[in-house]
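Single-letter residue listing:
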Amino acid sequence: MSKDVAKERSMIIQKEMIANHFMALSTAKETGKKVVYTFVPGNISELILSFDMLPVYPEINALQSGMRKKSGDYIRDAEQHGHSEDVCTYVKCDVGMMINGNIGPTGEKIPNPDLLLLSYTGCFTFLKWFETLERLYPGVPVALLHTPYQEAHKITPEMTAYMVKQLKEEVIPKMEQVSGNKYDEEKLKAALRNSSKVEQHIINIFDTTKHRPSPIDAYFAGVYYIGPINSGFRGTPQAVDYYAELYKEILERIDNKLGPITPEGVMEEERFRLVVEGPPNWTHFREFWKLFYDMGAVIVASSYTKVGGVYDMGFRVNPDKPLESLAEYCMNCYTNLNLQQRVDLLSKCITDYHADGFLVNSIKSCNSFSAGQLMIMQQLERKLEIPIGFIESDLVDPRYFSYSNIKNRLESFFQMLEQRKMIINRA
Amino acid sequence: MPVYFPREIIHAANGLAVGIFGGGDKKLILKGDAYYQSYICHMPRSIMELVLDSHFEGFDGFIFPSICDVIRNLSGMFQLLEKGSFIKYLDLPQNFKSHIGGEFYIHELQTVLNSVYKINGVEVTPARLNHSISLFNRNRELIHRIYAIRQDFPWRMTAADVYNIVRAGYVIPVEDHNAILEQVIALVSEENGEPLDKIRVLVMGAFCEQPPLGLIRTIEMAGCYITEDDFLLGSRWIMGNIDTSTADPMKALTDAYLEKSTFSSSVYDVGNPKEARLLELIKSRNVDGVIFAAPSFCDPALLDHPILQKMCNDRNIRFISFLYSENTGQFKVIKEQVGTFSDSIKLWEEPLQVKK
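Those sequence lines, one after another, are chains A and B.
The numbering used here puts the last residue of the first sequence at 427; the count rises by one with no breaks.
The numbering used here puts the last residue of the second sequence at 356; the count rises by one with no breaks.
Check the hints yourself; a few may be wrong.
Result set (DMTMM-like, lysine to aspartate or glutamate): computed pairs, CA atoms no more than 20 Å apart in a straight line [as the list claims (entries may be wrong)]:
| # | chain 1 | residue 1 | chain 2 | residue 2 |
| --- | --- | --- | --- | --- |
| 1 | B | LYS97 | A | GLU85 |
| 2 | A | LYS383 | B | GLU82 |
| 3 | B | LYS198 | B | GLU349 |
| 4 | B | LYS97 | A | GLU170 |
| 5 | B | LYS251 | A | GLU85 |
| 6 | A | LYS165 | B | GLU103 |
| 7 | A | LYS321 | B | ASP343 |
| 8 | A | LYS154 | B | GLU349 |
| 9 | B | LYS310 | A | GLU385 |
| 10 | A | LYS15 | A | GLU170 |
| 11 | B | LYS97 | A | GLU249 |
Just the calculated beta-carbon pair ranges, DEER-fashion [said to hold, decoys possible]:
| # | chain 1 | residue 1 | chain 2 | residue 2 | range |
| --- | --- | --- | --- | --- | --- |
| 12 | B | LEU16 | A | GLY314 | 52 to 60 Å |
| 13 | B | VAL18 | A | LEU251 | 55 to 63 Å |
| 14 | A | LYS69 | B | GLU141 | 54 to 62 Å |
| 15 | B | ASP314 | A | LYS182 | 50 to 58 Å |
| 16 | A | PRO237 | B | ASP248 | 33 to 41 Å |
| 17 | A | SER404 | B | ALA168 | 49 to 57 Å |
| 18 | B | GLU141 | A | GLU158 | 44 to 52 Å |
A few chain B residues that don't get close to chain A, going by computed Cβ distances all over 10 Å [stated by the list, open to error]:
| # | residue |
| --- | --- |
| 19 | GLN94 |
| 20 | ARG217 |
| 21 | PRO300 |
In case anyone wonders, no lab produced these hints; they're calculated from the structure.
Beta carbons are placed, not taken as given, at the ideal position from N, Cα and C, and that holds for glycine.
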């Protein structure tokens with residue numbers, strides 16, 4: 001493992017972008033900017049930004065609390081306020097963070113919401129989460145955008161029409177009321193043009209894992225790559241610049257036949273190529289990642305990096321049909337796909353990126369991902385005859401991260417992959 | 001599947017909508033556990049056990065109303081298993097405006113009817129649908145009357161008996177169920193049994209995965225009369241009658257869903273807070289306390305509890321809370337907890353005075 005861990009330019013750009021966003025949030029009351037709480041899947045940030053409002057994503061706050069080792073205390077505090085041990089830990093982490101002053105990752109207070117935009121896509125718990133937030137922030141208006149599930153493996157005109165009507169008659173009027181600005185479709189179209197470029201960059205970036213060695217890790221590093229588009233920068237020129245720079249750097253890595261960057265430098269030997277289903281654990285993110293790169297395992301595709309939008313099947317936002325496009329974007333997020341579509345997408349990833357194995361990180365908190373995963377595993381095993389691994393952890397509850405259990409299971413999985421490679425090579 | 005589906009449309013299409021509520025405590029789970037992690041609720045694994053043991057072979061289609069992510073993904077599992085002629089995840093609208101959520105809902109219902117039509121060729125005319133709606137109107141009226149009698153005379157019929165009688169309506173034609181309900185009402189309209197020194201409680205949280213009968217019996221044996229609950233909530237989902245005089249009964253059904261739905265953990269309550277609706281129910285049923293009994297790992301029910309319990313605390317309403325699963329078999333701890341709750345109210349508390 002190379003120990004050269006100098007930050008690349010894209011990393012520095014991203015850090016500045018995120019810091020500036022949190023700075024803008026912390027000074028929102030002084031600058032008069034209105035603040036909208038919303039979610040990552042189906043995040044219609046272009047619309048929020050077109051009203052000159054600032055988005056806040058409670059899941060992002062929760063995962064950052066997890067990475068900063070604060071989530072355990074926050075969850076405990078939420079449980080002391082009556083929340084059950086059994087429920088989503090993102091919700092409890094967010095409630096605990098609010099109880100403790102709502103201090104964000106930069107150490108500054110995240111402002112209270114002026115609007116709760118419940119754009120819920122692929123996760124029913126989002127509804128419950130905002131019912132809780134509505135009570136924690138009494139009087140704050142709620143704009144609800146119900147995203148129909150792709151139960152019939154497709155988006156129907158009726159589904160799109162339902163969403164567009166909600167946007168026109170529920171969401172936009174509330175945004176106008178809260179922001180004091182009129183809906184500006186040209187501004188929205190301009191933002192969507194940026195999003196379309198970014199979506200193409202994202203596809204190009206994650207498609208580079210076809211190379212050997214893969215120049216990137218599409219899960220552990222992938223979650224950083226999807227950071228800007230999922231944390232307030234959809235539709236911005238900064239996002240276009242960031243993803244252009246990131247793609248350029250990755251192409252350079254390909255030219256230099258370099259493997260992915262890890263926290264301990266460049267991974268030098270690629271031994272296993274995996275596709276991973278499910279979100280990562282955030283409380284022990286570095287230890288978790290190390291279990292993989294120490295074994296020479298690189299993730300060539302992951303479902304989690306598609307949680308804020310799936311572009312693999314050709315979808316791009318269309319600036320000429322802005323509201324229809326926002327609706328279809330929401331309906332195309334990964335957890336809004338039905339199980340057959342998820343199996344097909346994962347199958348495509350395994351095949352296109354020449355994966356040696358498929359691994360599920362089953363998250364205790366997240367039924368949207370977890371319910372059905374065992375059947376997805378069966379389907380893929382049967383269809384592709386690919387080795388399957390299974391581990392369990394949680395998003396932000398440190399009590400559910402068992403290092404030794406995960407390590408044991410991964411070691412067995414890697415041994416299985418090794419033996420299979422030996423057999424294939426002999427044949 | 002739970003919670004609510006307008007069974008009227010299936011009846012009008014000459015079909016029988018059968019309620020599937022899991023395997024309860026009767027079905028040993030062997031295969032179902034291979035499909036679900038330990039931290040997912042029990043009902044979907046028993047439904048998988050039932051389907052894999054071929055209990056549903058005679059069924060033409062499966063409808064999964066939107067409740068939560070687990071049931072949503074269960075619909076996908078049924079699709080992968082290719083069971084029945086059609087599988088429909090019914091996305092109940094969370095928008096309650098007629099021209100927005102209402103239109104979407106009508107389209108969802110029409111999709112179901114189209115699938116049924118392909119099977120039996122029966123066209124649902126307004127007359128047929130109005131007739132079906134009137135039968136289910138009657139069904140809800142009769143169930144409400146039973147609950148009303150139980151409120152005044154809870155000793156005449158146990159909560160477990162009420163539960164069984166209501167649940168029977170999910171497996172037999174509504175005409176037969178109405179006849180049974182009428183007989184039951186005639187029976188319990190006359191005095192029988194003796195009132196016991198029990199408190200009256202409302203049980204909340206069981207809207208989807210049903211409690212085992214033993215649990216319902218345990219609560220009553222431990223010193224409570226259950227005079228209100230959210231068991232089998234779909235049977236009482238629409239509050240009041242649906243208009244049967246219209247030429248567009250599909251719209252009438254839709255308007256009823258939009259305007260007359262009860263509150264539930266599966267519906268967002270913008271502008272109609274569920275704690276306020278629970279409070280109204282507590283007052284109208286004149287209960288002494290609330291028992292929050294929810295299935296383990298049920299996000300919708302359990303995420304509601306802090307909201308509802310805060311209201312209870314603020315209003316000086318007594319409550320207890322515990323978890324169950326549909327196959328819970330040991331009730332000793334619950335009996336002690338409920339017994340203590342009941343005793344504490346009977347022995348030490350004044351009758352409930354809900355704070356304004």
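Hints and how they fare:
no. : hint                                 : result
1   : LYS97(B) with GLU85(A)               : violated, 36 Å
2   : LYS383(A) with GLU82(B)              : holds, 16 Å
3   : LYS198(B) with GLU349(B)             : holds, 13 Å
4   : LYS97(B) with GLU170(A)              : holds, 10 Å
5   : LYS251(B) with GLU85(A)              : violated, 42 Å
6   : LYS165(A) with GLU103(B)             : holds, 11 Å
7   : LYS321(A) with ASP343(B)             : violated, 64 Å
8   : LYS154(A) with GLU349(B)             : violated, 58 Å
9   : LYS310(B) with GLU385(A)             : violated, 52 Å
10  : LYS15(A) with GLU170(A)              : violated, 35 Å
11  : LYS97(B) with GLU249(A)              : violated, 50 Å
12  : LEU16(B) with GLY314(A): 52 to 60 Å  : violated, 42 Å
13  : VAL18(B) with LEU251(A): 55 to 63 Å  : holds, 58 Å
14  : LYS69(A) with GLU141(B): 54 to 62 Å  : holds, 58 Å
15  : ASP314(B) with LYS182(A): 50 to 58 Å : violated, 40 Å
16  : PRO237(A) with ASP248(B): 33 to 41 Å : violated, 50 Å
17  : SER404(A) with ALA168(B): 49 to 57 Å : holds, 51 Å
18  : GLU141(B) with GLU158(A): 44 to 52 Å : violated, 34 Å
19  : GLN94                                : violated, 4 Å
20  : ARG217                               : holds, 25 Å
21  : PRO300                               : violated, 6 Å
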